[in-house]
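Visitor: Sequence:
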Amino acid sequence: MVFWAALALVVGVIVAVGLARLFGRSERAVSGSHNPQALSVVGSALLSSFILLTAFLIASTWSTYNTDRQHTYDEARSVTTAYWLAGKLQPADRERVRAGLSMYTSEVVADDWPAMGRRQTSATPAATLDGLRVEVGAIQPATAADEKDRADVAAALDDIYSKRLIRAADVNYSMPSLLYIAMVIAAVLLIAYPPLVGLTANGRNVMVLAGLGAMVGLGILIVVGLSQPYSEPLSIEPTAFRHALQQFTQING
1 MVFWAALALV
11 VGVIVAVGLA
21 RLFGRSERAV
31 SGSHNPQALS
41 VVGSALLSSF
51 ILLTAFLIAS
61 TWSTYNTDRQ
71 HTYDEARSVT
81 TAYWLAGKLQ
91 PADRERVRAG
101 LSMYTSEVVA
111 DDWPAMGRRQ
121 TSATPAATLD
131 GLRVEVGAIQ
141 PATAADEKDR
151 ADVAAALDDI
161 YSKRLIRAAD
171 VNYSMPSLLY
181 IAMVIAAVLL
191 IAYPPLVGLT
201 ANGRNVMVLA
211 GLGAMVGLGI
221 LIVVGLSQPY
231 SEPLSIEPTA
241 FRHALQQFTQ
251 ING
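Numbered according to the UniProt record's numbering, the sequence shown spans residues 1 to 253.
Derived from the structure by calculation, the hints contain no laboratory data.
Don't take each hint at face value.
[Said to hold, decoys possible] Result set (BS3-like, lysine-lysine): computed pairs, CA atoms no more than 25 angstroms apart in a straight line:
hint	residue 1	residue 2
1	Lys-163	Lys-148
2	Lys-148	Lys-88
3	Lys-88	Lys-163
[What the hints assert, rightly or not] Quick list of the computed label-pair ranges, beta carbon to beta carbon:
hint	residue 1	residue 2	range
4	Ala-45	Ser-177	34 to 42 angstroms
5	Met-207	Pro-114	13 to 21 angstroms
6	Ala-182	Ala-6	20 to 28 angstroms
7	Ile-14	Ser-235	54 to 62 angstroms
8	Leu-47	Val-134	58 to 66 angstroms
9	Asn-252	Ser-177	15 to 23 angstroms
10	Met-215	Gln-70	25 to 33 angstroms
11	Ile-14	Asn-66	31 to 39 angstroms
12	Gln-70	Gln-120	20 to 28 angstroms
13	Gly-203	His-243	49 to 57 angstroms
14	Ser-48	Pro-233	22 to 30 angstroms
15	Ala-92	His-243	36 to 44 angstroms
16	Arg-133	Ile-14	16 to 24 angstroms
Since the model is a prediction, treat every value here as computed from it, not as a measurement.
A virtual CB, placed ideally from N, CA and C, is assigned to each residue, including glycine.
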């Protein structure tokens with residue numbers, strides 16, 4: 001995260017300094033001729049546009065980011081519930097189902113998460129879960145109580161399947177690209193505006209504009225990071241599933 005933040009700051013500074021050097025040597029910048037009222041109105045409009053777009057995107061993507069993270073905990077909780085319910089099955093069935101749930105959880109961490117960073121999900125844990133559902137459906141209970149226990153586990157596996165589908169949908173969701181394009185255009189115009197209208201490219205002015213560019217770059221990084229919750233630099237970690245694996249050990253104990 002520190003690397004990406006530093007990169008965003010550096011890019012913002014480079015853009016700002018480049019624009020200052022490019023436009024700060026124009027005839028208008030040297031002569032200082034401008035209309036203060038018009039500049040004030042246009043500058044305020046550019047600033048407001050960038051703030052409005054950035055604030056909207058940060059609020060929207062932050063809400064989506066938190067929802068996606070909550071969905072991972074919901075799924076992991078369902079896996080733990082299924083693991084607990086499997087303890088009521090007959091010994092052979094219990095060991096087989098619990099082993100499958102442990103495998104599924106490990107595969108989510110090892111296979112699903114890297115794939116989710118590429119906006120995909122892995123077929124390996126999906127196949128493991130499907131196999132578990134088939135195995136539980138094929139169990140032949142000897143008593144009515146055993147049938148109820150089998151049905152409870154089957155319902156828990158169906159719940160995991162549903163929540164996995166939700167997580168897969170989260171991976172592919174994104175805000176309309178037009179909003180990001182508008183934000184980048186507003187950012188460039190905001191940084192380019194001072195030298196365009198007459199900001200002289202001296203050391204002090206360039207330093208101030210570089211600071212503005214750094215903050216604008218950091219704001220864009222935050223928006224991009226939150227809009228891709230399973231990718232760097234703000235990626236959601238599989239903490240919920242790692243915790244579920246720890247809970248399996250406690251349940252076995």
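Visitor: Sort out which numbered hints this structure fails and list those numbers smallest first.
Guide: Numbers 4, 5, 7, 9, 15, 16, in rising order.
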